[in-house]
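Dock chain U with the ligands against chain P, hints included.
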Amino acid sequence: MLAYNLQLAWISLRQTPGLTLLAIAAIAIGLGVLMTIQTQSRHMRSLPIGPVSENIYLVQMDNRDLNAPSLDQSFEMPSLSFRDAMYLLNTDTPAIDATTTWKTRGIITTTGQEYNPVRGIAVATNSGFFSIFNVPFLYGNGWTADSDTQGNAVVVISNRLNRTLFGDEDSVGRQITIIDKQATIVGVLDEWPITSQFYDRSFFRGFSDDIFLPQSFAISMNLPRYTRIECQAADRPRTRAYQLADVRHVINSECAWVNLWVKLETEDSVENYKSLMENYVSEQKALGRFPREQNNFLDNIVTHQNAFLSRDARFKFYQRLSWFFAGVCLLNAILILLAKFIRKTKEVALRRALGAKRNVLLVQYLIELVVIGAIGALAGLALSYLGLQGMLGVYMYGTDYEYPLSTVEQLYQMDWQLIRDALLIGILSTIVAGLYPIWKVCNVAPAPLLKTE
Amino acid sequence: MLKMAGVSKIYRTSEIETCALNKIDLHIKAGEFITVKGPSGSGKTTLLNVAGLLESFEEGELLLDGDNVKGLNDDKLSALRNQKIGFIFQGFNLLPELPVFDNVDVPLRYRGFDAKERKKRIDNALEIVGLTSRRKHLPMQLSGGQQQRVAIARALAGEPRFLLADEPTGNLDSTMAKEVMELLKKINNEGTTIIMVTHDDELAAKASRSINILDGRIVDVAEAGKTNIGGHKTQSTQEADHAGL
Ligand SMILES: Nc1ncnc2c1ncn2[C@@H]1O[C@H](COP(=O)(O)OP(=O)(O)OP(=O)(O)O)[C@@H](O)[C@H]1O
Ligand SMILES: [Mg+2]
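Here the protein sequences come in this chain order: P and U.
Take 1 as the starting number for the first sequence in the working numbering and just add one per residue.
Take 1001 as the starting number for the second sequence in the working numbering and just add one per residue.
Read the hints as simulated data drawn from the structure, not as lab findings.
None of the hints are false.
Taking CB as the label site, the calculated pair distances span:
1) P/G327 with U/K1070: 43 to 51 Å
2) U/K1070 with P/R420: 44 to 52 Å
3) U/K1023 with P/R343: 33 to 41 Å
Just so it is clear, CB atoms sit at the ideal spot from N, CA and C, and this is done for glycine as well.
Looking at chain P on its own, in the form it has when it is part of the complex:
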């Protein structure tokens, strides 16, 4: 009977090629848009640095003034003040790895080479940065813990900057000048497969940062704090000065601007770290700091990324738009299928008169719907392939073709999950769209329709 039904479905598709094509087009377009956006958003949601994303936590302790609004989500909470971050970084904690980060920037020049100065964005951090985030190196390595304590003039540069300044050559050992301080390159990053810059909480997708240097060196050089500095009310007017003026002021302030990331691999260590934070805040309260009630957060990168995406208006807009669009296409498909199946009332009447049970005919038309849905899904997949290729093109253009295609491509690739989802959604939505039409047509009273030719 299945073969018979498939044969009938095929005949019927050819009977009404126009309506069939329209139905397939409605399903394919809706599905194509939906799948393109959903694939994108799945890549957006994917773990920023793989599975370890779940074990790396941002340390946050609420050191705002009493009047500040209460917050129950880590995403809105400021980072740490310099002294609190440094204390937790340097004491003995359950964390197996830790690093602090903040951003700075400056004019970069190379010595002994004719080159216009470039503006570079730099991350002031610690030697732990490269291990905690599994940073791959093309040449050389990160700096040692000694350089952290001594404030050595060493830097790691991105392969992009390396390409700009040294044309892809191994530049380890060469000098670059940041603003007016010379530093020695100790390492060049390889392509770093992170999906966004989570480590400064911006979740920015695009170029990687140009330079990584020891925080101690950045402070000794008084590099600007190119980062959000959140101060208590009394201090707020000085925020800009804290960004640009003598770094010693901000270091001694209560303002929050340093991100402290810790790697914790067990639930116990997370709990232990939390009580460590609690004890620390209690101690500090006794000393007159932390005016508010204790409100600490220890959330991992995944939690922060999800909060970021749920607040990303454009991301949400595209998501909703794609569902809305798919819904409109589904409505269209319902109408088209209604028109298609209404033409079958005579056939239904005849088959019913000749002894077909209603369910047998419903199954016959369901199979026809599955065939339409499958064809629509395949066409939709072809469209989402084009959509993803288009978005890949836009991305490559937007990043000046800087990244090798091989690494970027992954973000815009169709995978088995997509194909499975598309087939499933395509067929199910066609059935949903066609259920009412076929139900209606299978419930006609046969006799009156058989009287006339």
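Frame of chain P, contents of chain U with the ligands only:
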């Protein structure tokens, strides 16, 4: 075989009620060949549809092979239609997208026969109606009479015990009509009970019983070899007969 007792069928539209069948009492014995005559709109098709379980009815009882069909669900009625009843509709009612062979195949599919059995029956039925050479043609590639014969083949293929034919010879010339009539008589002789609507007195004369209906009522029954039970034909039925033709 089929027993109708006080069967009434009323069509209701928002404005009017039409009593298409009015308290029909009819007892058809197995093996009978009954013709139904009557003017246009008198309820002949309705009678066949009700007898063929294609339409419900408001009043009365209908027994098919001794079983009351009132209250049977849709699936049971479909199965009974499929197994016991063969229809030859007033229009040809062929599926235009299917070739002759597949059109004849339709009721057999729902009967659940295997491919071999179906082929045997279809070939046989097509041979009976003389269309073996047209089995791959689409209905629109056939003449009206040929289409009518496909419809007959479709009804015969299931070897129904009960054949309902609504003017099966309406589209045929008189020679062809006679042939079809012979065919139906032969089938009847082999045991199939037949009810046939016709306007043709000559054909009607060959039946074992001839029923005349008017306004949904059986007005007159004539048995083969006997005179009309209800006496002579009324003026109005004769007029209406002409109108119906
Ligand atoms: N579906 C329907 N709704 C309303 N009235 C109907 C319907 N079908 C038939 N009728 C009415 O029932 C009556 C009998 O119709 P029927 O089709 O049985 O006539 P008939 O004797 O077969 O006529 P003909 O010789 O023209 O085929 C007619 O008056 C018709 O108008
Ligand atoms: Mg009729």
